[in-house]
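These protein sequence lines map, in sequence, to chains R and S.
For the first sequence, counting from 1, position 47 maps to 47 in our numbering; every step adds exactly one.
For the second sequence, counting from 1, position 81 maps to 81 in our numbering; every step adds exactly one.
Incorrect hints may appear among the rest.
With a cut-off of at most 30 Å between alpha-carbon atoms, the simulated DSS-like pairs for lysine-lysine come out as follows [unchecked claim]: (1) S/110 - S/37; (2) S/56 - R/42; (3) S/95 - R/42; (4) R/78 - S/37; (5) R/83 - S/68; (6) R/83 - R/57; (7) S/71 - S/37; (8) S/71 - R/57; (9) R/42 - S/110; (10) R/83 - S/56; (11) S/68 - S/56; (12) S/37 - S/68; (13) S/42 - S/95; (14) S/42 - R/78; (15) S/95 - R/57; (16) S/56 - S/110; (17) S/37 - S/95; (18) R/42 - S/71; (19) S/42 - S/110; (20) S/37 - R/42; (21) S/42 - R/57; (22) R/42 - R/57; (23) S/110 - S/95; (24) R/57 - S/37; (25) S/42 - R/42; (26) R/78 - S/95; (27) R/57 - S/68; (28) S/68 - R/42; (29) R/83 - R/42.
Bear in mind the hints are in silico, worked out from the structure with no lab data behind them.
Here is what each chain is made of, one letter per residue.
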Amino acid sequence: EPEVTQTPSHQVTQMGQEVILRCVPISNHLYFYWYRQILGQKVEFLVSFYNNEISEKSEIFDDQFSVERPDGSNFTLKIRSTKLEDSAMYFCASSEWFSNQPQHFGDGTRLSIL
Amino acid sequence: GESVGLHLPTLSVQEGDNSIINCAYSNSASDYFIWYKQESGKGPQFIIDIRSNMDKRQGQRVTVLLNKTVKHLSLQIAATQPGDSAVYFCAVNSKGNKLVFGAGTILRVKS
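Take these sequences, add in the hints, and give me the full structure.
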């Protein structure tokens with residue numbers, strides 16, 4: 001069964017450093033998403049992306065965050081200057097279509113900021 | 001804004017019994033609802049979804065019930081197995097197709 005894959009599984013970074021989280025969505029999916037989950041808390045929406053543009057973003061997704069689809073298969077989340085509070089699990093998801101379609105999630109990248 | 005909440009944070013059931021996990025949502029305009037299962041160290045795994053034009057949908061051993069009048073959603077798991085032990089999240093769609101997740105219910109299956 002096709003799946004969303006994320007790398008790395010765990011990223012440890014010094015505060016203030018840039019980090020790039022990588023995702024390969026399911027191949028025939030057109031919509032891509034990033035969510036995060038702080039330990040013990042809810043899964044929170046960050047951003048949705050379609051046709052090389054951001055469709056929607058949350059208040060968490062400030063100027064320090066950016067997303068990109070650098071080629072036909074990868075989807076990345078960049079955090080320019082990491083803060084301690086960025087420590088969380090980051091999940092990538094994709095869906096085949098936009099409305100009322102299940103979003104399929106990867107297994108996440110655990111980001112630890114020191 | 002929207003909020004999604006769960007009534008019970010932890011549910012313990014005996015193997016073979018049926019499980020019912022509940023969820024309340026606040027936005028009456030929500031028209032799409034999903035249940036996810038999350039095992040330790042894994043991402044949310046899609047279980048079943050339901051659209052607002054339905055009040056019941058069945059899958060393999062799972063049933064989702066939607067009561068739009070009281071804005072309530074439930075997941076029923078028949079003949080619960082040890083492999084069903086996980087955290088279960090309901091999620092509802094919102095603007096921009098973002099999903100708003102509930103807090104999660106821990107399901108523990110006792111053998």
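Discussion item. For a quick check of understanding: which of the numbered hints are violated here, in increasing order?
Written reply: 5, 10, 23
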